Amino acid sequence: MTEYLLHITIISGLYIILTLSLNLIIGYCGQVSLGHAAFYGLGAYTSALLTIHWQVPFFLALPTAAVIAALFGLGLGIPTLRLKDDYLAIVTLGFGVIVDLILLNLELTGGPDGLARIPPPRLAGIDFRNKVYYLLLVAAVVAFTLGLIYRLVHSCHGRALKAIRDHEITARVMGINASAYKISIFTLAAGLAGLAGSLYAHYITFINPESFGLHTSILVLTMVVLGGMGSILGSVVGAGVLTILPELFRRFADYQDVAYGAMLIALLIWRPQGLLGSGKISQKFSLSKNRAKKER
Amino acid sequence: MGTAMLTLKSVHSYYGSLHVLKGVSLHVRAGEIVALLGANGAGKTTTLKTISGLIKPRKGQVEFQGEDISRLSAEAIVQRGIAHVPEGRRVFSSLSVAANLELGAFARRDQQAVKSDLRELQERFPILRERAKQPAGTLSGGEQQILAMARALMARPKLLLLDEPSMGLAPRLVKQVFAIIRHLQETGTTILLIEQNARAALKVADRGYVMETGRISLDGTAAELMDHNEVKRAYLGKGYQEVWEE
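From first to last, the protein sequence lines stand for chains A and B. Residue numbers are given in my numbering: position 29 of the first sequence equals residue 29, and the series is strictly consecutive. Residue numbers are given in my numbering: position 74 of the second sequence equals residue 1074, and the series is strictly consecutive.
No wet-lab data here; the hints were simulated from the structure. As the structure is a computational prediction, the values presented were derived from the model and not from experiment. Among these hints, one or two may not hold up.
Ranges between beta-carbon positions, derived for each pair [said to hold, decoys possible]:
1) B:K1115 with A:I98: 15 to 23 Å
2) A:P112 with B:Q1111: 28 to 36 Å
3) A:I244 with B:A1132: 35 to 43 Å
4) B:R1071 with A:L148: 34 to 42 Å
5) B:H1183 with A:R151: 35 to 43 Å
6) B:A1170 with A:G158: 32 to 40 Å
7) A:L214 with B:A1132: 24 to 32 Å
Glycine included, each C-beta is placed from N, C-alpha and C at the ideal position.
Kindly produce the complete structure, drawing on both the sequences and the hints.
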């Protein structure tokens, strides 16, 4: 039982990183990405391949996975984020499909069978096959992500991002380079998803393309919306709730999708801004006032 | 009046394939208030957007203090000393009033001076201090316009571009906005102003240009334009007399 609880907590932790990073794109740039799982997958495969084929130690493979995912994010962001409107949603959707197909067909990535026997991390005699240690490792990365995003959002850059989200043209005539900001945030978010991917690969020790498809992208998007766009705590809650709820209702697995759908519909009717969101969709003054008080 | 601070030389700008500015030439001298008048769709806002770098001209030149800025990015143009207040009081509604003001100084690096400028503006417009922590979206229309102008001043602009500052405001607030514009001129800011309210604009302006369908159709001193029937017609159509005298 404890093993099981530890497992759920570790998985929650991974989803928290994914949700937080996607929330940066959605909540702070006002852009929608439908291919976040692709960066998660790129991180997982990079890290797995490095450790299996080149015996790179995990603690070197982890940051490399983040860098590779971030580079793909940069390559995707530069051409698309300079455009106005929601081209990013379409391009990321396509990117997700392409990555999925490449992983399925490349010999190096093992095709549909994926990669097995990914070595668990090892550091100074600590065996991370023990779930308690792995949880600590995931918790450390979650804490790092939380700290990074919290500091970013509360810095002058966070303020510039909010200005871009509120009104891009005005932000630009203030001298804020809107496209540079969007591209940097997108790159950072892709890198964080890569971190989560690496952690996933070395935890499960077996990966195949199925875990990184559109389904996962939509799931993380749902977590962001449930928790609230632009809310850090909301992302943590959204990821936690959507990881734990399906487990609680496992006995009714046949009806799980129905419950999901019903929950989303209820949410959109009664709380379109998400559980803890500040409400970009239905901006209400009373809400933003409360938030201003909290921020003080 | 000194030499020209800003000069547009037969500027052509497009929205996609739509030819909006068809050879606009105008100049603004240091210390002047210049009004840009004209009916809706004449290209006034596009002219301002072209100056501040939001739209790149296809042909022609924009010169600011002797430098060709027509190929520079919007960020670089702000740093040269041009601040643009877009139409419709675009404050950042989810950010506090104080944060809005601080963002006005985004392109500046002299943090100490920014702080003292902030205090100075809050003294001049006490409402900005009283509401400092409130989200800007909760301000009234007039307060938002004051905030938008004060935010532009935080950039310490040499040239201020104002796009319809009186739009949608009550008459009492319109007066207040124009009082601020006059005060800005006295403190040495050069202003290029777009206005629907041609009479009010010409009262504060030194000179004016009238635009029609992407071209400058008329220019002159404010006093000349005030009496010019062409201005009234360009703006108000044939039945201008009743409206103008009202």
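**OP:** Just pull the numbers of the violated hints for me, sorted ascending.
**Re:** The structure conflicts with hints 1, 2 and 7, although it agrees with all the remaining ones.
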